[in-house]
Structures are given as structure tokens and as C-alpha cells.
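Protein chains: 2
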Amino acid sequence: MNEIRIEKSASLKPKPDASQLEFGKLFTDHMFLLDYSEELGWHDPRIVPYGPLTLDPASMILHYGQAVFEGLKAFRTSDNRILLFRPNKNAERLNVSNERLSIPEMDEAAFVEYVKALIAIDRDWVPSLEGTSLYIRPFIIATEPCLGVRAAKQYLFAIIMSPVGAYYKEGIHPVKINVENKYVRAVRGGTGFAKTAGNYASSIKAQEEAKHDGFSQVLWLDGKEHAYIEEVGSMNIFFKIGGEIVTPELNGSILAGVTRDSVIGLLKSWGYPVTERKISIEEIRRASEEGKLEEAFGTGTAAVISPVGQLHWEEHTMTINGGETGEIARRLYDTITGIQSGKLADSQGWNVVVE
Amino acid sequence: MNEIRIEKSASLKPKPDASQLEFGKLFTDHMFLLDYSEELGWHDPRIVPYGPLTLDPASMILHYGQAVFEGLKAFRTSDNRILLFRPNKNAERLNVSNERLSIPEMDEAAFVEYVKALIAIDRDWVPSLEGTSLYIRPFIIATEPCLGVRAAKQYLFAIIMSPVGAYYKEGIHPVKINVENKYVRAVRGGTGFAKTAGNYASSIKAQEEAKHDGFSQVLWLDGKEHAYIEEVGSMNIFFKIGGEIVTPELNGSILAGVTRDSVIGLLKSWGYPVTERKISIEEIRRASEEGKLEEAFGTGTAAVISPVGQLHWEEHTMTINGGETGEIARRLYDTITGIQSGKLADSQGWNVVVE
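Chains as they are written, first to last, in my numbering: chain A, 112 to 466; chain B, 112 to 466.
So here's chain A without its partners, still in its complex pose (with noise of 0.2 Å):
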């Protein structure tokens, strides 16, 4: 790993105020770069002024998306300490999404101490109010000007970083989800698995069609029999159906979250197996008939939980838990969030300091 050259902006902007912030609109004063080239690999790493990028209209990120990315968050405790929850696994991540778009693997050490040095630069703009983070976005982008359809042979490594507001300002809360019958988010064989830039593009529209009928999100159900289960909007989805908890199997086209990987090893410690396994529709239609559909709970880094209480599926709606987020998925909000807020002890580990 090359040392960091660091450029310090000559003006800071102020800062918000932490009540008001809205998700990914505003930046800190920094962001950190790292080129790649065939014949340097990856080299000069360097934290400059957060400011515009110059791309050649031939790159081939603007033409054949070639792109990957991450999401995690930066917290700051009540002692004034910075943690980072778990960035070795958007690190591991990143390389399976690197390995799927053919773009060149990254040193996941070198990774996570790029991270902790841009947060170092810009730590003031950690927020401290409750609920609030320092959310962090690395992303590799294809910058080689040519038109040919292939891998690129130049890129772009760069993290920018945006402080968040809560999630939840009155509290978590569950919504309604529309299970999604017309389009489709992922397949085997497909990049489902990688977090690609255009796994996002194609979401959009089934998004768009779902808010305007009046729900939060689209449960996807799988590209090849439209029966299965896969993820909720860009998050994993778990129910617990007659005491057992269950989640959808990582077969191919779902992505591997973190937030699901920190639930699942929770669950675990509390005695609580989760069941990795294909569930279908028909399946959970049947167990809330029965009413053995006790929770249903999205995971992702940006809700960290997020309660189902109502699932449409053609003509069956389902109410889950009377509408209210139910136990399992208040424990898990709580203990997470304790957690990487340094209010609750780091039993597993997961945290990371920022000095």
C-alpha cells in the first residue's frame, strides 16, 4: 500500500444541522482517490478537496456501466470515539462485485484504512444526534475512453461521504410492501449478487410504479418461476413463520448484506436458529392465512431494520403482526443500533475505531 498524499481544502463549508439532513444530498469537504492502470495497478492513493470528477465522454462507466460500489456508516459515540461497523465486509463484498464486472481486485487491508483515513480528515463531520451517522459510499467506476464492449483497462477507485439523518424520526415504524409481478430485479447467472451500478438502474421503475400505488417498497420475487422470495426494495427480507425465523438462501441473485449477516450471527447467539432457505410467496400467503405469520422484517445499512406490516401479493393482502413491528425486529433495531453507536457492548467484535 503507497502512502497516502493528502490535499487539505482551503475553505471547510459549515456544517448542517444534524435535525435536517436528508439521505445522500450533501458531502463533506474531502474525497479519496485511487487510480488504476494496467501497467501500475492500483496506485496513488490520495485524499483531495471533495469537487468535481473530469471524465472523458468516451469513459466506459457512462456507456457500459461498468461500476460497483459499497454503503457503511461511521458513528459517533457519546465518549467522542468514531466507529465503523464492520467495513471489512463491504471490503470482502466489493471484491466479489470486482470479480463479477471483471474489474481488478482491491487489497481489502488497503481498503478499510482508506476509509478510516478520509473519516479522520473530515471527523467533524460525524454527526452526534441520536439516530444520525456519517454515511461512507466507496465506489470503482470504468474511466478508459473506448467504445468497445469489454473490461476496461483504467479506473477509478473513490469514496465520498455524506452525514445522515435517522432513519426513523418518530421511532421505527413497519410499512406496506407490494410484491413485485411484472418486473424482475435479478436471475441466476446475472450479476443479482454483485452490488453493480445497474442492478439499481433496472430497480427504478418498479419502485416508481410501487410509490404511486401507495406502498414503501417492492418485495422481488425470483426471475425464473416468479414464486420465491429474493430481497425487499435494496434490502434482504426475513420472516418468522410459526417460531421459526427464515430468510431467503444466497443462491446467486440476492445480495449478501451485511445487516443480514449481523442479524443472522445475533439471532444465533440468542438462541434463535434462522433458517437460510428458498421461501415462496405461496408460502408466506399460507402462513398468514393460518396466522402462523408472526414478523417480517427488512434488513439494510440504511434502516438497519425495517418492519413489515403489510404485504399485497395480486389480490391477497396480508397484515402482519397487527401492523406493528413486532418483537424479534425491535430487538434487532435496538441491539444494532446499541451497538454501533457504542451505547451497547461489542460482544461480537464488529466495530472499528477510527483514530
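Just so you know, not all the hints are guaranteed correct.
It does not matter which identical chain is meant; a pair holds if it fits inside one copy or across any two.
[As the list claims (entries may be wrong)] Computed cross-link-like contacts, SDA-like style, restricted to lysine to any residue with a CA-CA straight-line distance of at most 25 Å:
{"hint": "1", "residue 1": "K200", "residue 2": "H154"}
{"hint": "2", "residue 1": "K322", "residue 2": "Y278"}
{"hint": "3", "residue 1": "K403", "residue 2": "L123"}
{"hint": "4", "residue 1": "K264", "residue 2": "E319"}
{"hint": "5", "residue 1": "K322", "residue 2": "E281"}
I should point out that these hints are in silico values taken from the structure, not numbers from a laboratory.
Following the hints, put chain B in place on chain A, whose structure we already have.
Chain B in isolation, oriented as in the chain A frame:
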């Protein structure tokens, strides 16, 4: 349509040797730009010197791949006219792609005018050597700086152009194709029918593996059953089986190629009906075994017609027409390239003259 603002380049680049051109590496002196905002719609059409774009690192294209593009060609005739091949079809398809990706619709007549205006400025870049052309790349990218996953509110439409050499330097010749049985290009309900960046990113890995194994392209099967033929590389595909010409129907996961449409039109005008239907790879294998697989060829803007000499599927090797270019493929190639270059009469009214 607003008037196009023109800022000419102060110095023009030297023109390349038309016999040495690589695809999509060298660009003309100017580019066309057009902005979109919610308040103004598509606005400020302008031709400016070719040069870098300045993008906020949070621009949505760089994270969520909300981008679509087109590809078409201009040709110089022996009497020095410049002909565009069916640009209205690209305008139509761009809007199909826009709709799927939640990008605002464009005026199709304006699209054609923009392409013509840019060619008119850089007309000296249209090469005249046999088989050469000017490749035109219109594209739209989401430029709004925001990390929320939703349709952007700001876009850039751009056109860049690149002189390209003859696809077949030594005459049209057949290629070896591998039938892909691990990776999937698209699935119904996804974005396969749209010309969006992410479709190409997800295809790179399979193409790399096929190249590594000595094939020039992959033949994609459907994502659901892995049984039906979809596309070859980034081309459509046609077969002649026992006298019948067939091509996969436009089923929601196949791109509606302009060359595909042109081929169907020509074949019909010659009295060869074309059946658009589901074609299984097993049907092709059986036809090959029975000696009925008479021709196979891909169709696309780059190669026009790309004859398939050999198909590999699992343990089966199918040699088609003795590995030689078939009669239909050659006639189609000669006719379409003849019309495009102005050597043959444009009986279909496909050419648009750039004044």
C-alpha cells in the same frame, strides 16, 4: 426544439489513416450536448469542442447506472454525399430504453436533427475507404448528485462520434461461438429489451471467458429455462433451418436491433418469409444432426452480418455450412452495405442524407 448553439473548436485534430482505425478509440473534433432539468425539460442544445465532462462524484450515473445509449453509422458515398442509416429507428428505440429506465422522453425528430447537425460540423471525419464509416454514439446519463435510489431529476444527453475501420478487413468470414450455459444476459421483466449501460457490464465476464476458450462471442440462452436462444454477443441472431429462416421473437429480454429489422424487411421483399418465434438450442442441435442447419448469422450495427461457422454447446460441436459464409448471409451483407454506402438503390427508403 431550441436552436443549436455552436462553439467551434479552435484547433482541429489531424485526421487518421482510414486503413488503421480501431473501433471507438479516436473521436471527432466536436460533441453535442443537451441538458435536462425538471424545470426546463430538455434544453440548451449545443455543439462544443470534444472534451472532458465535469461530473459531481455523487452523480447518479456513477452509482446506479441510470443510462441508455444508441449506436448508428454515417457513410460517405462515392459522389461525396453523407448518408445516415435509419436514424429514426434509433430515436424510437432510445425512447423505449428511456421509458424502461424512467428517463424523460426525447423528441424523436429533434434527436435526428441533433445527429445530423453534429455530423455536418465534423463531416470531414466521415471516412471514404471501402467498409469504413463514422460511428455515432448518442447517450443519456443521470447527472443529479444524490445517493438516493430513485430516478434522477437531471440528465445529460450527449453525442460523440468516432471514425471506424472496416469490420472485415479481409472480407466477411464466419466465427466460432460458444453457447453460454452459466451466465445470463437478461430475463423477462428485466431490462434486456432496453439499450442500457448495465446490460453490457453484466455481459463482460461471459465474453472474457469465451474469448479465453477460443471463441469470438457467446450465444445467450434465456434466463428462465436456459433452453431458448436470445442473442449472440451484442447482436441478434438468425438461422436457416430446412429452408425456413427463423429468429427469436422480441419477448421482452431481446434487443430490437435496427439491423435485425432491416434483415427481416429485405428477406420479406425477396420472398423469404422470416418466422419470429421461440427457438431452443436443442432444436438447433437436432437440425444440425439431421443436416438441416443451413445457415446461422448475427446482425448488428458494427458487423452488419456476422456468419456463424461453428456453434459449441456443452459436448456438441455444430459446424454450419461447412464453416463457410452462407448464401443468404452474403446477399444480406452485400445488400445492406451496398445501400448504406450508396452503391445500391435505396429501395426501402432507409437512408437519410446529411446536408
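For K264 and E319, with the copy left unspecified, which applies at a CA distance of at most 25 Å: within, between, both, or neither? Between copies only: 13 Å across, 35 Å inside.
Check K200 against H154 for me: Cα-Cα at most 25 Å, and say if that holds within a copy, between copies, both or neither. within (23 Å within a copy, 44 Å between copies)
When no copy is named, should K322 and E281 be tagged within, between, both, or neither for a Cα gap of at most 25 Å? within (21 Å within a copy, 55 Å between copies)
Treating 25 Å as the Cα threshold, decide for K322 and Y278: within, between, both or neither. The answer is within: 18 Å in one copy meets 25 Å, while 47 Å across copies does not.
Tell me, please, which holds for K403 and L123 at an alpha-carbon limit of 25 Å: within, between, both or neither? neither (55 Å within a copy, 73 Å between copies)
In terms of the numbered hints stated before, the structure departs from hint 3 and from no other.
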